[in-house]
Amino acid sequence: MLQPLIYDHSSPGRSGVNLPDCDVPAAPLPSELMRDDLPLPEVGEVQVVRHFVKLSKLNYSIDQGLYPLGSCTMKYNPKLNEDAARLPGFAQLHPLTDEDGCQGALFLMHELQAWLGEISGFPAVSLTPAAGAQGEFAGILMIRQYHLDRGENQRDIILVPDSAHGTNPATVTMAGMTVRELPADAQGNVDLGALRAACEGDLRERIAGMMITVPSTLGLFESTILEVIDAVHEAGGLMYMDGANMNALMGVVKPGELGFDVMHYNLHKTFSTPHGGGGPGSGAVGCNALLAAYLPGPVVGIVEQPPTKSPPIKNERDVFAMSSYTDEANSGQPIGSSLQSESGVDNEAPLYGFLMPEKSIGRMKAFHGNFGMHLRAYAYIRVYGDSGIRDVTRYAVLNANYLRARLMRSYRLPYPRYCGHEFVLEGHIDGVDEVHALDISKRLMDYGFHPPTNYFPLIVPEALLIEPTETEVKEDLDAFVDAMERIAEEARTEPETLLNAPHTAPVRRLDEVKAARELVLCCAPAKPIASA
Amino acid sequence: MLQPLIYDHSSPGRSGVNLPDCDVPAAPLPSELMRDDLPLPEVGEVQVVRHFVKLSKLNYSIDQGLYPLGSCTMKYNPKLNEDAARLPGFAQLHPLTDEDGCQGALFLMHELQAWLGEISGFPAVSLTPAAGAQGEFAGILMIRQYHLDRGENQRDIILVPDSAHGTNPATVTMAGMTVRELPADAQGNVDLGALRAACEGDLRERIAGMMITVPSTLGLFESTILEVIDAVHEAGGLMYMDGANMNALMGVVKPGELGFDVMHYNLHKTFSTPHGGGGPGSGAVGCNALLAAYLPGPVVGIVEQPPTKSPPIKNERDVFAMSSYTDEANSGQPIGSSLQSESGVDNEAPLYGFLMPEKSIGRMKAFHGNFGMHLRAYAYIRVYGDSGIRDVTRYAVLNANYLRARLMRSYRLPYPRYCGHEFVLEGHIDGVDEVHALDISKRLMDYGFHPPTNYFPLIVPEALLIEPTETEVKEDLDAFVDAMERIAEEARTEPETLLNAPHTAPVRRLDEVKAARELVLCCAPAKPIASA
Amino acid sequence: MSYIPHTPAETEAMLREIGVRSTDQLFEAVPVTHRFPGLSLPSPLSEMEVAAEMLAISEANDHGQDYALFRGAGAYHHFIPSVVNHMLLRGEFYTAYTPYQPEISQGTLQATYEYQSMMCALTGMDAANASHYDGATSLAEAVTVALQVSRGRRKKVILSHAIHPQYREVVRSYHQGRDIRIIGDRGRGEVIDLLEMLDGNTAMLALQYPNFFGQIDDLTAVAEEVHEAGALLVIVANPMALSLFRSPGELGADIVVGEAQPLGVPLGFGGPYLGYFAIRQKFVRRIAGRIIGETLDADGKRAFVMTLRPREQDIKRERASSNICTNQGLMALAASIYLALMGKNGLRKVGELNYHKAHYAAEQINQLPGYSVDMSKPFFNEFVVACPRPVSEINAALLEEGIIGGYDLGPHYFHLQDHMLVCVTEMNGKAEIDRLAEVMGGL
Amino acid sequence: MSYIPHTPAETEAMLREIGVRSTDQLFEAVPVTHRFPGLSLPSPLSEMEVAAEMLAISEANDHGQDYALFRGAGAYHHFIPSVVNHMLLRGEFYTAYTPYQPEISQGTLQATYEYQSMMCALTGMDAANASHYDGATSLAEAVTVALQVSRGRRKKVILSHAIHPQYREVVRSYHQGRDIRIIGDRGRGEVIDLLEMLDGNTAMLALQYPNFFGQIDDLTAVAEEVHEAGALLVIVANPMALSLFRSPGELGADIVVGEAQPLGVPLGFGGPYLGYFAIRQKFVRRIAGRIIGETLDADGKRAFVMTLRPREQDIKRERASSNICTNQGLMALAASIYLALMGKNGLRKVGELNYHKAHYAAEQINQLPGYSVDMSKPFFNEFVVACPRPVSEINAALLEEGIIGGYDLGPHYFHLQDHMLVCVTEMNGKAEIDRLAEVMGGL
Ligand SMILES: Cc1ncc(COP(=O)(O)O)c(C=O)c1O
Ligand SMILES: Cc1ncc(COP(=O)(O)O)c(C=O)c1O
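One line per chain: the protein sequences are A, B, C and D, in this order.
This note's numbering applies: residue 1 is where the first sequence begins, and numbers increase by one.
This note's numbering applies: residue 1 is where the second sequence begins, and numbers increase by one.
This note's numbering applies: residue 1 is where the third sequence begins, and numbers increase by one.
This note's numbering applies: residue 1 is where the fourth sequence begins, and numbers increase by one.
Everything labelled a hint here was simulated from the structure, so no lab data went into it.
Glycine included, each C-beta is placed from N, C-alpha and C at the ideal position.
Do not rely on the hints blindly, as some may be mistaken.
Among the chain C residues that face chain B by a calculated CB cut under 10 Å, a handful are [claimed, not checked]:
{"id": "1", "residue": "PRO81"}
{"id": "2", "residue": "TYR167"}
{"id": "3", "residue": "GLU225"}
{"id": "4", "residue": "GLY329"}
{"id": "5", "residue": "PRO369"}
{"id": "6", "residue": "TYR371"}
Not close to chain A: a few residues of chain D, all C-beta gaps over 12 Å, as computed [stated by the list, open to error]:
{"id": "7", "residue": "THR11"}
{"id": "8", "residue": "ASP126"}
{"id": "9", "residue": "ARG153"}
{"id": "10", "residue": "GLY230"}
{"id": "11", "residue": "PRO272"}
Looking at chain A on its own, in the form it has when it is part of the complex:
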């Protein structure tokens, strides 16, 4: 059944909420400035509830099943975190509250900075970027500014593997720099020869750095990663790591220790904050001492040590020494009720404050990042703790390899190696050329599964990028394998079933050309009278 638009439920005079009467004298409204029409719908509360409940039922979601969308890390979103985010002390906290009045929030951000730093081997972290792409942007701007400050204005090239996510090259352009693509070799690694050629050739002086995803978007650990890093450093460039795939690294290797200079995290992937049907995300950036002063701001630091503590640790307000994060006495200690005392803050706690790194590339957004995601990531790390964080990676990689081992029997596996947290298959059945990865994906819907990522990375034909995550149980993985095997069989025996799939989803395949040609982006009743 067609779900009506919210405007279809509108009837003049209805409203979905009662508002209080005005308890102060009315002030005259400036009539010349007032608008005449406000073409919003008029709908009752009950109808609004039903409208959105019914819409919700048209969605697939993690809460109902496996969501093996490669590169997206669709892991379970803990309900605990949702509750925490709705506590009035977080939800009703104004971003411009004076420092004294938001010590809880600042403490939390300070801890999270330290923990993310510890997980990645970076001494400095800024939580401000709103998503992965913004983290990338910040990181590349930092690299740019670093070279500028050293007078190396000519360094404008960022090397990017051809398997990279689209945000990588787009980021480079946004930063006013130039992309140079690098091919992959037969094992899915960056082609070392091509890299060296770039780093040692004419462009050597123009190399600003390289962006690389680890494990790569093929789900593979670059086995030559140290060589890659050396080559770029050698040329005077800096290394940016796209941390979208951090779910394959935690407790396994620290990018900072490998030699990376800067990276971003996707809290909405690795650290379980919900994807929300398209966001919000959170793209914290971590970096080494070379770049710490360039981080986007503000970051949280200790601006005053507790009077009782001796010897006093250096005041972060004076010297922006982010590396002091990881060795602070307070870091990583359960805070229990120590923050909660009559005055709101314990006398023994340090005073936290926002700081702007010395040579900061500036603010990436208003206020200080998607705090609602920070607190969820905090709760998530708190649950796993030192002994558990590595398990996340271990089981994510186990699940992926299990699927890989089982599915390589029915689908072509272009890179037959152990994979990280995800792997890519070719969505192609030999001898059935009309069936594409897209058809397999659509058919999976009929079996009750969300499809894998399609057609990414671009370098694998008919790519199906599969990432189960660690929160999936073996039974469900087995059921997914069964479905994939049956679909491979169907492709041979009844390809039309795939070509016309899905058959049981709320809608059939869509006419995307029509959408782009006709561009109906706003429903008619919402149009202001003039333009309608």
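Fit chains B, C and D with the ligands to the known structure of chain A by using the hints.
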């Protein structure tokens, strides 16, 4: 697809929750008292979430559409009330908190008592009964005790119309009394002749009272209600009103003013508390001065007047004068923040406490009723207030009469009168004897509606009892009429479609005989080893 | 108009269809003398005002988020995993009615069936119903079953004084209209004394497990003696304690009832709670209230349905043994989710935390001068403390320190003046317990 | 293991299937020198401990449930109807990914399409995208569009100083790698001064509406002048103010951006918020970020899909104008629900409450000796107060009384030392406002 049982997701060693380590020394466990097996399932958190999310999708609910279940008042359940119920000050309040520590809750109950009393014209209200049936039980026990106290031990008969809900006669039996059924007349009223015969005949001295639903379970206001009440009073009996249909009375007539002696309310019908898939409910009881002292306890009263108020109102601890509720200065005033001061309670507020009515029939359950429902009902009444409560009834009755007026064209309406908040149709299509009310009901599911109540009241053949409630919008009522008309048409043209309906529900019709014969009430893995 | 969606134009159109000029006309059957009375209620408030008022009222209570709670006595402060509430908040569950139409209620039906199954697992019984109002009414309904099993020939019901005082009150309220005798609980009778009272007129004997004082009585031989007398053994059990201790089924109980609030239902000032009721196979058709059974649909697919309906009031009317209709469905769902999450291992762990913490607390308090803890029997998460001064004074002092102390037994038990029933659960950290002892000791 | 469901037996079976003995083997490609480092993090905690810790941390903040808030400056404390959160809590919405697979994402797609429609309604524009990170980045993206519209030929961007200071900072951060000039906001230039700066090199001029000081500038003739110079007019608008005031579309804006947090998104310490972006039809193909369009499915049924995909980074890669990928989807849903509930009448009513209350507060404060309110222009729900002493002192005194006072303008505007930006919304009752004035006056 078959939804597995929670035990089907079980795997040895899994658990859906992490628990803290023990922070005290372990005490030795008395091994001879310990159990060996605990056959509960072992399931991970993610799976539990998915299991219940998927189960939820098999349900129809108010949040997705019209639920015209007669006698059940399936109105919208405000989300506001759900939030209020989850406030820590309510959800984490121990029922045996000392009086001083629960003044907020007591205040709320005290107000609600007063408001329910005001709506029904009764000076005294007890909130303790857990549901309508328990309210009935309390009311009948009160009547019984009243007669006993007057030495009229022989009064053991309760008159009950044959249209009554099953709980009414069952209640009488539970109270150790005897049911005498009364027929309805052609207009759906109690047959006055039969009533008078009962009250004036041999049994006169045995008449303890009468239970009657107003409007009746046919949705009709007894036009002779005053005569009915007189006749019973005349015989020395008391009048009990089943208040399940209060949604047709609020602001229209007060049962207490009509002459009823005692009634129950269904907070889960009239006052919007959610039905929860079968409960919880709340069945407050209201009564007049004659019976106030017999109310089930505890009730909330003022046990100490504020020192600043003069002249001091009589202390409710001393004299159980419930009638003081409605004329208290504090009653019905917005409390704003007056209760919220440093000490938790304003100095000017009276002290509330639990009281046991003097001759109380006793406790109906542990503690003091389904407080979670009280607070929702409080919030509900607060939203409508003095000027709005009558609108609830007006629009409930408008909606019912609108459906009645439209549907009487395609279905037989046995009582062609204005109805109250609901009305009964015969679910029978002339000339198509094989189609029954049940078939029409099942077919409605295919049209996306919950069916009306079937086969109740018993006195109408093939009864379809339809109650839309006031929260339904005209478009949806019209869509329901369309569906009913199409079904009437289908009954004539393609009766099998109805006989085999539903076709689109999660399951087809069930084998109820098999269920009752084989009695599988517990799944095998849950059976203790001995009995398995 | 709050939750009423009608616009004036729609109302107009509907009135026209009905053929009346105003809704007033629809009420003509109501005696005109009493029609449309005034209502003295407060004025309507907007949503934001009501929300603020509810918050203010709620904060005028001393609750478990602000206070350390050491009070149980029938209502227990346990941890509830966040998943429980998230699932309960799905409108599909809480805005549905009783599953009379099984085809579109399989969610509620299956969840309730699973609840029944898990309550069987906990109690060691064969069948459980879909719920009663609470533990007290569940016991009262058990009395009815016992009386019926004897076909009304046995008229004596023996209750232990160590059953929750309010439960015993409710049993008396429920059966005041019946010609039976309820005995056993006026004195201080031990289990052995109660067994003495058994005779051919005894329909049942009821014990609480752990008893109201938190203790685990030795019930090994009880069932045999009760059955020998031809009576039923009813056990009122705290289901949380059943995570550790032998199941009533193993002990030979015929009916097990109790309050399942500890299984995922918040304190909520006493309700809604969850009365559970479990029984032996041979008595299953006597069970009151709703029961869900497994069956097949027309396609042969497994499905669930309310069964044994002919026992219920809507069909049997005055011959029904109980009038129960609406029960505590959503709370049964809560328990179902809670038990699914905790599972075999989790529940046992919670039980152990309760046990160890309560024993630690008992020891700390027992060492305080003037106080003594009754350690005469094993106990679970509650114990009785004899205090050197009135419980109310001690509790007042504790409250000052942010602690809600134990329950005063004096008003219920003449011999227990200045005795406090202290409850310790997994929610009480060691620091809290130490503070409790410190404040008590410092008085 | 927290959210990992594997049992040892399953892990074993899976390892066998893969053909390895332990998961360690799967990491052989990682340089052995750096493999498996130690992690110095706190120990794991159970759910109940984490919940308690989160509560403790949250309560170490001065928040709007405990304090009266008179602070805005880009983040507004508005009433959010309870329905909004109940819908957001549906896992179908918040645990879904970006709707790349439209057949099983129609819920998100349609809700976002409705959001776009309602933002068009509010702004008077033809198209809106599915969101940007926040108001500031939305403005930064508008600059990119304006530069592109001029095909890179115009290199000047004029910003009013009365645009939120942080928004201007973000525009500068975003465009630091580009060869453009951002001017206009260093001084105290009025709109008229900014118009003076227009020339053939100007890509755009941006104004805030109401401006950062809460005032409504007269923009009647602005669009014409901007367009005459061949530049675009970008308006940063508070969507709540658009409930009352002429839409930017009516005023001739080419792009309207801003922060839609006031529409149903909680304060949340600054994020996640909701950058909205609306534009004229003729520029629609230049819009960055996701956009939902209407189309038909294979059965001819209306359905929704992400459209204009070829603009996006995943297809256009280095030639994309923005790298945005994940946006603020769930917040757009919140705004969609909020606007659906408020509707035409409700939103206007909220706007009026804000207006009247702010004006009442302004009058009360203006009467206080030593204080004066800038009433030189009409204002919405914020106004500037010149204070007789440092704002920090006043705020400290207010905090003692449970009030979070206005925002200190001094650090951002040299000429506004001892000036406070006060915000009043429907959340501030008269008593609160009176108390604010009283405390301020009593200093
Ligand atoms: C490898 C990779 N890099 C970057 C991103 C961009 O992250 P975001 O969507 O948070 O901006 C993604 C997101 O899908 C990704 O998969
Ligand atoms: C007329 C009538 N009376 C009594 C009841 C019993 O109420 P409850 O289910 O709350 O016990 C009902 C419930 O459906 C009813 O419709």
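Now for the hints, and whether the structure bears them out:
1. Taken as an interface hint, PRO81 (chain C) checks out: its beta carbon lies about 5 Å from the nearest beta carbon of chain B, inside 10 Å.
2. Because the smallest distance between the Cβ of TYR167 (chain C) and any Cβ of chain B comes to about 6 Å, under 10 Å, the interface hint for this residue holds.
3. The interface hint given for GLU225 (chain C) is violated, since its Cβ lies 19 Å from the closest Cβ of chain B, which is over the 10 Å cut-off.
4. Interface hint status for GLY329 (chain C): upheld, as the beta-carbon distance to the closest one in chain B is roughly 3 Å, under 10 Å.
5. Hint status for PRO369 (chain C) relative to chain B: violated, with the closest Cβ pair at about 22 Å, above 10 Å.
6. Against a cut-off of 10 Å between C-beta atoms, the interface hint on TYR371 (chain C) is violated, since the closest Cβ of chain B lies about 18 Å away.
7. The claim that THR11 (chain D) is not at the interface with chain A is violated, since a C-beta of that chain comes within 12 Å of its own (minimum 7 Å).
8. Chain A draws ASP126 (chain D) into its interface by the beta-carbon criterion, the shortest separation being 6 Å against a cut-off of 12 Å.
9. Annotated as non-interface, ARG153 (chain D) keeps its C-beta farther than 12 Å from every C-beta of chain A; the closest such distance is 17 Å.
10. Taking the minimum C-beta to C-beta distance to chain A, about 23 Å, the non-interface status of GLY230 (chain D) holds against the 12 Å cut.
11. Remark: the non-interface label on PRO272 (chain D) conflicts with the geometry, its nearest Cβ contact in chain A lying 3 Å away (cut-off 12 Å).
Checked against the numbered hints given earlier, this structure breaks hints 3, 5, 6, 7, 8, 11; the rest are met.
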